[in-house]
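Please work from the sequences and hints to get the whole structure.
Residue numbers (the UniProt record's numbering), protein chains in the order written: chain A, 1 to 225; chain B, 1 to 225; chain C, 1 to 225; chain D, 1 to 225.
One should not assume that every hint holds.
[As the list claims (entries may be wrong)] Here are a few chain B residues that sit away from chain A, every Cβ distance over 12 Å (derived from the structure):
(1) Met-2
(2) Gly-69
(3) Pro-73
(4) His-210
[What the hints assert, rightly or not] Ranges of calculated distance between the beta carbons of each label pair, as one might list FRET restraints:
(5) A:Glu-5 with C:Gly-213: 52 to 60 Å
(6) A:Arg-85 with D:Arg-85: 23 to 31 Å
(7) A:Glu-55 with B:Arg-47: 30 to 38 Å
(8) C:Asp-63 with B:Ala-138: 49 to 57 Å
(9) D:Glu-55 with A:Asp-51: 20 to 28 Å
[To be verified] Here's a subset of chain A near chain D, in silico, CB distances under 10 Å, partners left out:
(10) Thr-26
(11) Pro-44
(12) Gly-46
(13) His-71
(14) Pro-73
(15) Ser-75
(16) Thr-77
(17) Tyr-100
(18) Gly-135
(19) Gln-157
(20) Arg-182
Hint data in this document are derived by calculation from the structure and do not stem from the laboratory. Idealized CB from N, CA, C, for every residue including glycine.
4 protein chains.
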Amino acid sequence: MMLRELREQVCEGNLALPRHGLVAWTGGNLSALADSGDRIVIKPSGRLYTDMTPEDMVVVDLDGRIIEGIHGPSSDTSSHLGIYRGRDDVKSVVHTHSTYATAWAALGEEIPCCLTAISDEFGGPVPCGGYARIGGDAIGEEILRSIGRSPAILMKQHGVFTIGPGIQKALQAAVMVEDVARTMWAARLMGTPIPLPEEEIAANFDRYTHRYGTAQASEGVTGNV
Amino acid sequence: MMLRELREQVCEGNLALPRHGLVAWTGGNLSALADSGDRIVIKPSGRLYTDMTPEDMVVVDLDGRIIEGIHGPSSDTSSHLGIYRGRDDVKSVVHTHSTYATAWAALGEEIPCCLTAISDEFGGPVPCGGYARIGGDAIGEEILRSIGRSPAILMKQHGVFTIGPGIQKALQAAVMVEDVARTMWAARLMGTPIPLPEEEIAANFDRYTHRYGTAQASEGVTGNV
Amino acid sequence: MMLRELREQVCEGNLALPRHGLVAWTGGNLSALADSGDRIVIKPSGRLYTDMTPEDMVVVDLDGRIIEGIHGPSSDTSSHLGIYRGRDDVKSVVHTHSTYATAWAALGEEIPCCLTAISDEFGGPVPCGGYARIGGDAIGEEILRSIGRSPAILMKQHGVFTIGPGIQKALQAAVMVEDVARTMWAARLMGTPIPLPEEEIAANFDRYTHRYGTAQASEGVTGNV
Amino acid sequence: MMLRELREQVCEGNLALPRHGLVAWTGGNLSALADSGDRIVIKPSGRLYTDMTPEDMVVVDLDGRIIEGIHGPSSDTSSHLGIYRGRDDVKSVVHTHSTYATAWAALGEEIPCCLTAISDEFGGPVPCGGYARIGGDAIGEEILRSIGRSPAILMKQHGVFTIGPGIQKALQAAVMVEDVARTMWAARLMGTPIPLPEEEIAANFDRYTHRYGTAQASEGVTGNV
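As structure tokens, this is what we get:
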């Protein structure tokens, strides 16, 4: 894939963030790794989503040097780069301050795995990493240390980062972590939600990971044919 | 009605779910029973609502075998089938993880009948069924056991299922259960809502069921003409 | 004004309810009194807002007899009529189950007057009337007994009614009561909001009622010219 | 810049308020100072945002006398003027009753600086000024006394005012104060958020103020090139 095409996909991915209600004003950003593995395309710093075009996207190398771009790269670029350098399965990263995920992060708490949707998407609680200063290597390092097999991590007193093997999966994790964060927040305000048993978490994660979106999605088919 | 026409209606019904804010990403699904009684049409597994067309809908028989379809059926197909097999008054089923209904479900609590709107739509509290694993027969069985005369049921630590004699009524129940779940959640956070007396629940349910949407909807007419 | 024109305005007023997020599915209704004083135009019972047209509106006399209409009138028609019969300053009535106003109503509590916006719009707390059964005269009577000078009243375990000297003012009260109900709900969950002093309530209500929307809206002008 | 052009920008700025969900009905207002320094353009009093045009904007001098305008100026004009007279770095003022900011204001509490986004945008807690009566000089004076270096201030039992060196920055502060107010409200309902250490607040505010939106936005670039 040419960088031109990746710029278009990264721009489209960034525009999905306000459409899903995950960002305010110029906040949030999405990046993706080029097939060559030595370039990322990322949202520019401090630009409104309105009228954002592929030409506004910034290309940097893995040390953060600007390769192409009429704007500076996102102020979270170092954090994205740290993830790409440490996890070669990650091809896209999303960062937001989406409201309810960030509310859990404000308290430094993981989102407990009390719903089937959480076991499906995250394979357990959504972890919360410790506080790390924006702009340097600290955030990327803390994410690598704490994210485990989850595609999403809360960062204490900051916001949320999600990762994926492609843009769609990183976006999906950003949408779903906010969705379950809001539901669990609403539940927690009424009472004390109880985590699912480990064997249910494992069964849900396995089904969702291996059969969802396939011809064998429904047990009926598997069991009866 | 031809299956082609039912595919269109089921597709349109599924597209109503994001329009009413009841689902996130690929979550949720709606199905309907064909007039023949031996086929259902259901949303495909793991597909985004964007650009979903009638051709994407999947036709399965009551044992879950795919009859027509370019995708696999929803991973909740077995749960839908269990309801159709057990309740011959049901012609459509909706499943969502809508936020506030699922918050009550996270705690395993029914929604108490403290508002006229709840007595109108549900004839009493919205019941909450026990936890059951996704993908097999357990969810359908628990729904049949616990739903009673309500068109909606919460499923513990999972989400909500609604049923109806047609697509519109199943959709209505999905919209209304989220609406009353949110209102009752908001009330419960401020204090302790008190259930309506049984005779008021009965009077409201009777009025809504027998006169709503008719020429005698208003008592004025009944009483004065 | 001809009834044809009033049908159009009442239809447009009803369509404003979903646009402002005040209603779900077929819930809620708006009516207006004809200039003749012996007819009201009201939303039909149990019809979706989608594709609602002026022809769907129902004309009834003050005893609730259908004068014109292809559908039955709203099941809340008797409540609207009771208000028109008892308050000749009222030319339009709105009824909704908007979420946060109804949350206060679920508890049977008035919304305390702790914000300038509440003193401006309602001249004091938004009152909450006692529970009354839908469909007969009881609701209208309770509203007349309890609404005072406020353009909005919560009805216990039911929802909200608003009144105005015209459609726009009744709609405004429906929008504003939900807005302040949500803000006060959010405040109340964090602490104990304190009512404004009586003299501040009086000063705000006077300014808003007599100068807002006029050339003397700003004190600067009044004081300095 | 001609006043005609400023009318267009002020109209557009006011129309951004409902688009960002910050206002209800006719509430809220935005003004800007003319380059000449002796005129402001402000939203008219009591007009709906629907169909608002540049011609509806009102031009007043710094004493509040109407210079041009077919409507009266906003009833908050005196408060805007007080800010412009006291702070010559301010070229635009926004006032709203946005829900979550106003919930904090209802309690007379500042929004504590527990998130990086708050240190970025506001350089510390968002302050809350004391109660002051609408329409005279009291609100402007209290804002000048209490706002400090923050671009936003809550006003007790009233709402929020934001300021900026231009319309976009005042709007940004209005959007961001509601965003962080909602997130902190959600966090506070679950637990006790802890403020960031002073050195983290200082580091974030410095980075955001001096590098955000520039070619050096990312530390990677600064550190490695």
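So, against the hints stated earlier in the document, which numbers end up violated here?
2, 3, 6
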